[in-house]
Amino acid sequence: MSDIVTINDGKAIMPGANAPENREYNMFIGPNHPGIEGNFALKLSIEGDIIQKAKTEAGFLHRGFEKLMEERLFIQNIAIVCRICVPDPDPNEENYARAIEAIGGIEVPRRAQFIRVLVLELSRIASHLFTFGGHAGTIGLYTMPNWSISDRDRVLDLFEELTGGRVYHIFNMPGGVRRDLPDGFKNRVRDVMDYVESRLSEYDDLFFNNKILLNRAVGTGILPVDKAIAWGATGPNLRAAGFAHDVRKDDPYEVYEELEFDVPTAADSDAYSRLIVRRREIAESIRIVRQVLDKIPEGPVWNKQPNPLKWRVPAGDAYVRTESSKGEYAYYMVSDGGVRPYRVHVRGASVTHGVHILENMLAGARIEDASQIMFSLDACPPEVDR
Amino acid sequence: MSGTYTVPTGRPEAARGEKRSASAIVAAIAELGGESGFAVKAPRRVEGRVEAAALHGFAAALRMRVGFEHLSAISCVDWLADGEFELVYHFWSYRDNCLVSAHVRIPRDTATMATLTDLWQPASFFERDIHEMFGVEFLGNEDLEKYILTDWKGPPPMRKDFVSRDFAHDHFTYKNYEPSWDEMIDGGYYSGGQNGGQA
Amino acid sequence: MAIDKIGSILRPFTALKNLAEKPDTLDVPRHYRPAAERYRGFHVNDLDKCIGCGTCAEICDNAAIRMVPVKGKEVGVGKTQYRPAIDYGRCCWCGLCVDVCTTNSLSMTREYTHISPDTDTFFILPDEKGIHEKDFPQGWHADEKINFLDLERVTMQELSAAERGDSFIEIVKGFSKEQAVKEASRCVSCGLCTATCPAHMNIPEYIDAIWKEDATEAGRQMYKTNPLPDVCGRICTHKCETACSLGQRGDPVSIRWLKRYAMDQIPASELNTLVNQSVVKQGGKKIAIVGGGPAGLSAAYYLVLMGYGVTLYEKYPKAGGMMRYGMPEYRLPYESIDKDIDFILSLGVELKTNVTVGKDIPVEKLRDEYDAVIMATGFHGGRSTRVPGTDHPMVFQAVDLLARITNGDEFPVEKDIVVIGGGNVAMDIARSLARMQKKKYGTVSLIVTSLETRDIMPADDEEIVEGEEEGIVFHPGRGPEEIIVENGSITGLKTSRCIRVFNDQKMFAPEFDKNDIEVYAAAQVIEAIGQGPEFDVFAPFAESLEMAGRRVKVDQFFQSSLPWLFIAGDIIKGPDAITGIETGHQAALGVDFWLGKQPDDTLSTIDEVLKIALGFQREQVTQLEAVLAAGSLAPAVEAETSKLLASEKADLAAVEALLAGRNTRIHLRQEMPRAVRRRDFKYLEAQKPIPAESASATIKAITEHASAGFRLYTDILFLTKSKELEFSLDGLRDHQKATAERFASLKD
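Chains as they are written, first to last, in this note's numbering: chain A, 1 to 386; chain B, 1 to 199; chain C, 1 to 748.
Do not take every clue at face value.
[As the list claims (entries may be wrong)] DSBU-like cross-link-like pairs, simulated, lysine-lysine; straight-line CA separation at most 30 Å:
| # | chain 1 | residue 1 | chain 2 | residue 2 |
| --- | --- | --- | --- | --- |
| 1 | C | K49 | C | K17 |
| 2 | C | K177 | B | K153 |
| 3 | C | K49 | C | K129 |
| 4 | C | K173 | C | K239 |
| 5 | B | K160 | A | K310 |
| 6 | C | K737 | A | K310 |
| 7 | C | K17 | A | K211 |
| 8 | A | K67 | B | K19 |
| 9 | C | K239 | C | K359 |
| 10 | C | K177 | A | K310 |
[What the hints assert, rightly or not] These stretches of chain A come out as covered by chain C in the derived footprint (C-beta under 8 Å, 3 or more residues):
| # | stretch |
| --- | --- |
| 11 | 207–215 |
| 12 | 225–233 |
| 13 | 297–309 |
| 14 | 336–349 |
No lab work stands behind these hints: they were computed from the structure.
In this text, a Cβ means the ideal position worked out from N, Cα and C, and glycines have one as well.
Okay, chain A solo, but in the shape it has when bound (with noise of 0.2 Å):
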């Protein structure tokens, strides 16, 4: 790890020096690190390889979202959310929507509620991919990165053709959503879907077997069950711990109702744990992509809105939650009535594993094992600057 930086006092230290009196010394990850998605920084104190405490630095990627949403009429935050997660942009659009929807006591056609369960998955999946390769790429398996990110793209080319962008989507209004589905859609989606799920028996051969991240991650960065919920963990992060709580089972939105998919659980709360759980939910999400594609009945895909230079929103205020990737995402909004929010809160999913969560794993942990257990958590820091 090249751009580790060692330093004692503000002096770097030798190679051959003896060492120190004082045995604790320094050490930074990042802030630009192939380890972190995004730019998140980590300081830690270490005795030997072991750190002894961690504390996170974050602000890097701070955009200010929430500022600039308080600033801009209803209709143009639809195109900012998206920014504020690169990975799994959709629940943010999801969220934005669905609170203005609980706000304005707005309904959505349920052809549009199958269109953004069928978004939300993909996305799902492509951000579990992309986290594949992240952590393949924190302990050195560099194969895995380039197939995961390259499938991931075959997911990419689907969101191209059915929103018009492959990264930020853009395509969930209130109401509904922008655009129906193409012609023969439908059928590409199971291509891909066919695709992904063959692939997946070859990334266990490649990776979920392959002995090297057996021996790095089988029980490294172990969160038990009890400090999980105490620290606030969710999503996969909860449930490789064993703890079944999923946002789309327990406080359902959309049609997940109507959908049959399982919840996949661990129960040694490892690294591992945390990565099988997410190779198990590519399973189920694909088993979701489907029923939607099977079930989505025809009709309407957004109610019409008013005229969004002149659209108010209603005095009122939601909180909204969304199982996205990384857990649990919401999204608490406020109307005073007008044309612009009057405030909206992101509580990204990543706020609580990137930054108290993390810190608490990874004292006692040996530097080698830091990025892969911040990758582990995928703990996502735009989500936490904002």
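Assemble chains B and C onto chain A, guided by the hints.
Frame of chain A, contents of chains B and C only:
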């Protein structure tokens, strides 16, 4: 994370048992004290007001006696016209699959609040964030250092009286262009006439 | 599941089987990979289809779109020369501009990249070819099923044909509050309507006020350029609606009915709160206005507000001109006319009725007794077809009959009637007579015949449709040949088919097919083929008065070659009410320039307007400081006032910042959308020193100042399409409004 408090790690007894309905939760909350107007707002959403001084006791009882184990978020809203901040605590019960939102109003000019970090560690991040963005003091939280805006010297930026556009105008410049299609523009928009001579 | 957690160092080698696979990567950029059909690439714009409404710039969430004036683009009804230029340094490719485009001229290509070391190439004025001047296939484009805009207007409730057939009760019921707010919310505030309206009314402004449920503010916006809004809300020719950008793909906004709605909310007793300027006495100068129609009344209103003594001469028993004597009551109830006129008169206009200038009183006398004379005598002479039989006593002129209906005079209504004419006056008299027939005979037997075929009939379409519903039979495309008179009575009208009305030069030159003859039975014939001026009044000055064709020659302020004589109304421009109102307004300004030696105080840039705001803010700060220095305020009021002082200081700094440019320049369109004069902000002069003696007086004065400030920022807000300004001004405006409300609620 630093701090001398001990975060409860065991799961409270009240978190186990049969799932209760939202109205049963409203009834359970009614016995906690300091709260008013709690009601079912939507499916799996319960909402009401709590006095600022009673919040910590309310939250502790909500966790230990009603079994709300998960602090989903703390939101802050700046009601500039009323001179108040509104803190909204969102609690989730894994047992009941229900969200309780407790709304607390505190005066804007002396914005202080008791911390919840001794009950939920995740409160630490939310409180630190609100302290940084709104300037609310959380008594008992020992880690209110700057986090996201480490080099920020100005007022808490999420306050409504901080105008980010003015800040942007003062600190950044716009990109000026001299596009090739300037000749198509009546009077030469950028090379003279219409734009006040500003290229 | 293939995960066994046993692990093997050999299993990864199964990946080697892929060595024989063909890679599916493409050799980009040598190989063009077509983007998806919906891809949001770079913008393309059909520059001829685009009307320059600027809605794309409005919705752009990054202010990446700037409207720039393109040479040689047609400017006219519903079209500006502005076209969107796109800054790809700011664009986020969301495509909202495409979805909101009023004409569907904007779309995006299926290109992925633009790479260039020259940053100027990232700022483009998109045309049909797009950024790279290559014909890339179309990507993201408007979807007909998903319209951001509200293309359908709110239906206006009307009396049914059965309910209205035999009565003169107003047909249109008017909007309810919900309907009005809904209809107002359709507006995109592009301002194309303002450019087209003869009086350049502040249409987006008053629609916005209606949407905000502030009818008073809407009324105030109307009175700026139109002192007869109640009337115009009912009978205006609404040329604005033909310009409305929403009309490109759907129904234009019901601008006229919205105006009517707002004025219906304001009782006559509160109209005085809508006046925009305070009266400054002009040294006792007196103006005579001849003709109490829209033009005369409009001139009277603006002159009396400028402090002139105004006398209005009217030949009929009541003022109103064609509004009263040419419009049937079911379209324009007399209460509406009276409401507008009574208010104008209440400002101090002297009205002399039943006086025909030139007959009862010579023009020379007016010239000698008054400092200036505005002539607005209108079109009261009906034109005749001059076919054989028109001299029969049962042949009437439409305008005469309409006046007789208003006056309540008796006249014969026969069982079978033919009306000649295809304009709105023809509709007015036909539908009036139909009502009288129905009342008298219980049935309608009335034929309307016009030279124009149905598609080119000049009357409003709804007039024709409603006429048909009321039982009128239309025979369009027929020219009158002869009124058949037998035994001294009319028995019918003989017509031939009109082949075409206009020649190739678009001049009026009707041609007829004399073999295609039809005869319509009738005992009474009404001619409604147009009206003209009666120039008798100018007879004494026939030699000295310069003419331009059939009209008096005037300059831009409607001043004739005789400096004391100004001309307004139908006889100079039009004919219609709204044009009359505008000419009256301009003539009043002309009189003021000429007599008051007022400099032309037109404000031509946004900066000049911002300087007015700067003056206002400075005055606020000075006066509040003075009041606080006096130290005699009640503690509660003092606390509020010092709080206010701090925020007013912040506002002052904000306005200073705006004026200093601070990088907003590139977005600040300096040119004004319409003529604005310094005196339009005269209401700020009411900003008297704030008294410190009594709490109630202090509170009242501060409330008044804040209300004036609210008006000021509302005015400026609509003068610019600049995003930067809009945001800052919104805050300033809201602050003034909040201040006014807070102080109004303070108890002393």
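Each hint tested on the structure:
{"no.": "1", "hint": "C:K49 - C:K17", "result": "violated, 57 Å"}
{"no.": "2", "hint": "C:K177 - B:K153", "result": "violated, 49 Å"}
{"no.": "3", "hint": "C:K49 - C:K129", "result": "holds, 14 Å"}
{"no.": "4", "hint": "C:K173 - C:K239", "result": "holds, 22 Å"}
{"no.": "5", "hint": "B:K160 - A:K310", "result": "holds, 22 Å"}
{"no.": "6", "hint": "C:K737 - A:K310", "result": "holds, 20 Å"}
{"no.": "7", "hint": "C:K17 - A:K211", "result": "holds, 19 Å"}
{"no.": "8", "hint": "A:K67 - B:K19", "result": "violated, 38 Å"}
{"no.": "9", "hint": "C:K239 - C:K359", "result": "violated, 37 Å"}
{"no.": "10", "hint": "C:K177 - A:K310", "result": "holds, 16 Å"}
{"no.": "11", "hint": "207–215", "result": "holds (count 9)"}
{"no.": "12", "hint": "225–233", "result": "violated (count 0)"}
{"no.": "13", "hint": "297–309", "result": "holds (count 8)"}
{"no.": "14", "hint": "336–349", "result": "violated (count 0)"}
Hint compliance for this structure: hints 1, 2, 8, 9, 12 and 14 are not met, and every other hint is.
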